[in-house]
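Construct all of the structure, not just a fragment, from the sequences and the given hints.
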Amino acid sequence: MSEKRPPLTEALPTPRWHRWAERLIAALAFSAVLAIALIFLFIAREAIPLFFEEGVRDEMRLRDLFIPRIWDGYDEAVAIWQPIGGTPKFNMLPLFVGSLKVTILAMLISVPLGVGCAVFVAIYAPPRIREITKPIIELLAGVPSVVLGFFALMIVASFTQAVFGFTYRLNGVVAAIGLAITIVPVIFTISEDAIQAVPKSLSEAALALGARKYQIALRVIIPAAIPGITAAIILGFGRAIGETMIVLMASGNAAVMEIFDFTTSVRTVTATIAAELGEVARGEPHWRILFLLGVILFIITFIINLGGKMITDRLHRKLTAG
Amino acid sequence: MNKTGKDYLLAALTGLALVIILVILVVLFGEILWNGAPVVTAEFLTEAPTADMTGGGIFPAIYGTVFMTLLMTIAGVPIGLATAIWLNEYASSRSKIAAIIRTAIHNLAGVPSIVFGLFGLGFFVIFVGGTMDSLIYGDIPRPIWGQPSILWASLTLAVLTLPVVIVTTEEALKTVPGELRDASLALGATKFQTTLTIVLPNARGGILTGVILGVSRGMGEVAPIIFVGAANFLPELPDDLRDMFMHLGYHVYALATQSPNVDAARPALFGTVLVLLALTFSLNLIAIIIRSRSRRALRPS
Amino acid sequence: MNTVSRILCLIGFLASVSLALSACGNRYDEITGGEGAKQSGGRQTLTIKGSDTMVILAQRWAEGFMAANANSTIQVSGGGSGTGIAALINGTTDLANSSRKIKEREIETVRKNRSAEVVETPVAIDTIAVYVSEKNPVKKLNIETIKQIYRRRIKNWSEVGGPDLPIVLYSRENNSGTYAYFKEQVLDDEDFAAEAQTLPGTAAVINAVARDEKGIGYGGIAFGEGVRALEIAGEDGIHYAPTMENAIGGIYPLARFLYIYSAGEPTGIARQFLDFALSEIGQSVVDGVGYYPLPREMRGNE
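Residue numbers (our numbering), protein chains in the order written: chain V, 1 to 322; chain B, 1001 to 1301; chain A, 2001 to 2302.
Just so you know, the hints here were simulated from the structure itself, not pulled from any lab data. Note that the structure is a prediction, hence the values are computed from the model and not measured. For every residue, glycine included, the Cβ atom is placed at its ideal position computed from N, Cα and C. Any given hint could be a false lead.
[Stated by the list, open to error] Which residues of chain A face chain V? A few of them, derived with a C-beta cut under 8 Å, are: (1) Gly2082; (2) Asp2164; (3) Pro2166; (4) Gln2197.
[Said to hold, decoys possible] Here are the simulated lysine-lysine pairs, DSS-like style, with alpha carbons at most 30 Å apart: (5) A/Lys2101 with V/Lys89; (6) B/Lys1174 with V/Lys200; (7) V/Lys309 with B/Lys1096; (8) V/Lys318 with B/Lys1174; (9) V/Lys134 with B/Lys1174; (10) B/Lys1006 with V/Lys134; (11) V/Lys89 with A/Lys2112; (12) B/Lys1006 with V/Lys200; (13) V/Lys213 with B/Lys1096; (14) A/Lys2155 with V/Lys89; (15) A/Lys2103 with V/Lys89; (16) V/Lys89 with A/Lys2147; (17) B/Lys1174 with V/Lys309; (18) V/Lys200 with B/Lys1003; (19) V/Lys213 with B/Lys1003; (20) V/Lys89 with A/Lys2214; (21) V/Lys318 with B/Lys1096.
[Stated by the list, open to error] Taking CB as the label site, the calculated pair distances span: (22) A/Glu2245 with B/Asp1239: 45 to 55 Å; (23) V/Leu38 with B/Asp1239: 28 to 38 Å; (24) A/Glu2184 with V/Ile296: 25 to 35 Å; (25) A/Glu2245 with V/Ala44: 54 to 64 Å; (26) V/Ile296 with B/Ile1100: 15 to 25 Å; (27) V/Pro127 with B/Ala1297: 16 to 26 Å; (28) V/His316 with B/Ile1140: 54 to 64 Å; (29) B/Ala1297 with V/Ala26: 23 to 33 Å; (30) A/Glu2265 with V/Leu38: 37 to 47 Å.
Here it is, written out as structure tokens:
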């Protein structure tokens, strides 16, 4: 720092090394952008040759990645993911169906729980409960997903087996419950923030007009908090579809192409990558297809995040402008 | 149902949601504590695994986790700090570049953890490691830098925790009143000096919170390191950046799914989960305490 | 000095310490041909990856070897036979454990990527047992029936002499040598039914079958506790149990060798390790883990 106190009308020149420090900081600020770009580039780099390599055509046709086909030994067109064997089969449909199934079921469980809890804490609960609940849910948010996968595998599965008696001990329901436990804190925190952010004037006005608490909650506060709650749901969905450890440990990992029955085992995109990547030699079609799954997953979550932000911004504008 | 009834109904339903969540929490922590506590003895924490990992201790996993976390923090925190400082102190609020950076951060936060694993493999291990091998060693029969190691795992996780650090640091910087900055500038300090000597120390609590939360998050992630450095059984502790390492979270996964005798491994499994939870839990607790303390300190008295 | 500067200094110090540590390691000099490789007193590392069927065996061998050779470090990981062979191809392992024979295509790729011929060393004998829950009355099946079960053409235990319960299929992940072997030998390379739950290790399969009276699973004989191993009939129609005599005698239909593969003739610590595995002590470890030791003629050394 300079020794002399300059006249206030005169600015001091910036010491040179400060400029360099500032430049460094500005450069480092692009790190997040660089990271996203590198991630996409380098996983695409491993996947793209799939479309151009010669040897790939011997193994499979590209349409077999997505379209069911009548293979030898089968009576009808089926979508199968069985990469090892005489004829490798790489249809990705069962994997995406699996991911969607557990994600949707997890949302069906976690959204009512998360939003309901947020409503209770923000509207009905006495302040002391409110103060305790937020940190408690933050604690739940801090539990690593491998621990929740362990919980689902060892405890939830035995519980559901005892209560519901499913044919398969590890199935879509167990995995969805595990996922739901991960997402509830996200949905709760964002929804609760959104509800708290609703101007008190709105609820006070309603109160003055003689409304009861439940009417205020359902007709004033929640509608006003819709942008935030939507953001919460979209974020939760993105989180759930990208979750790996819980489904890897608790879903049974069977690539079953079944849309409506949630009690079968499922195999998600994320678990497939995690389970199979270790075994493949670099550069093989199987390797590239796994990276392709990663690229698709990246694009899906990217769109969900971007789209989610746009939807919430638009809802926000609609509510605050009108 | 009359209006009072409906009121009670809504309260009951939403209260039920809270109760269900609390029950799950209690069962989760209760089972782990109940089954894990008897296992976590001094030997468990200080010895290496024996008998196919059903006996002995988990010290190598603890050591590996801590070492990796340290490297991850050294790599990631300065970059996250710099980004947050630039966004809050230097960028104008209408800057398009800042908007792009923020979008990138938001998206980075949403990238699935397994995709980070793919990134770690495709970029760090294969590209950076492979290039380092060719440049330093030329032709060698087996990759040295170009294989999974604690270095690449730490760097991958550093990228993963970047958004957490950036967002919380920015929030912390925002709490520093503008008047302090103005006063400093008026006294003739440069913007950088102001940031370094006024803003950062005042935002110290919030920044620390962000760093600790980021660290806790990175410590618990397993999917990114499955094929970027974690190993099942290493008798030696990693002391070279090119070594693979044992990791608490990965150990949980390996014991739960691949152990030779699931019943015999159960105690070790619960013990490991308890240790991992205790670590992340205490870090989060410290972060929460620091945050509430610094919030209280900033409240006008 | 204020707090921030202090923290920065600490970070810088730690960073330099880590880098210094990394520069000190000569563990990898054997590969690069650096100074550490020449010293026989220097520490030597061996990396072994691959079959989950063999991972316990390899770990016990590693423990025994390291106890006898103080300057050695052996790292063992599982992941499946496919993982081990892939690592051999990628050059990220010295030895690959495999519970299936390496494929022609993989030998080609090793030749291409590592300019070396694959060397195959059988190290033990294993039998693939087909397991059912101890509560299940079924005791014997022939291979054709098992194939139909795993292809979901037979869906209920009552069709094969058991109770009226649906059959729940347990299988291994596709990187497993056990999976590949079973697919080839039992399914005639046809596909597993999609409903087969894939578990990451034989122990997981056994564990699942032990708890599920509707279950059927397969895996190496060493893991079979709490379940019943069926007697299997091959083409001759006679049912055999997966015992050591039946395995070595060649009459149990699903007996196989467990292999260790290397790229090129194993040298140095890899050679010493293999010699240890094939020695009296090493083969008694095989017995201890629950597999069957090689007949003496196959052990190849003194």
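>> I'd like to know which numbered hints this structure contradicts. Please list them from smallest to largest.
In response: Numbers 2, 13 - these are the hints that the structure violates, sorted from lowest upward.
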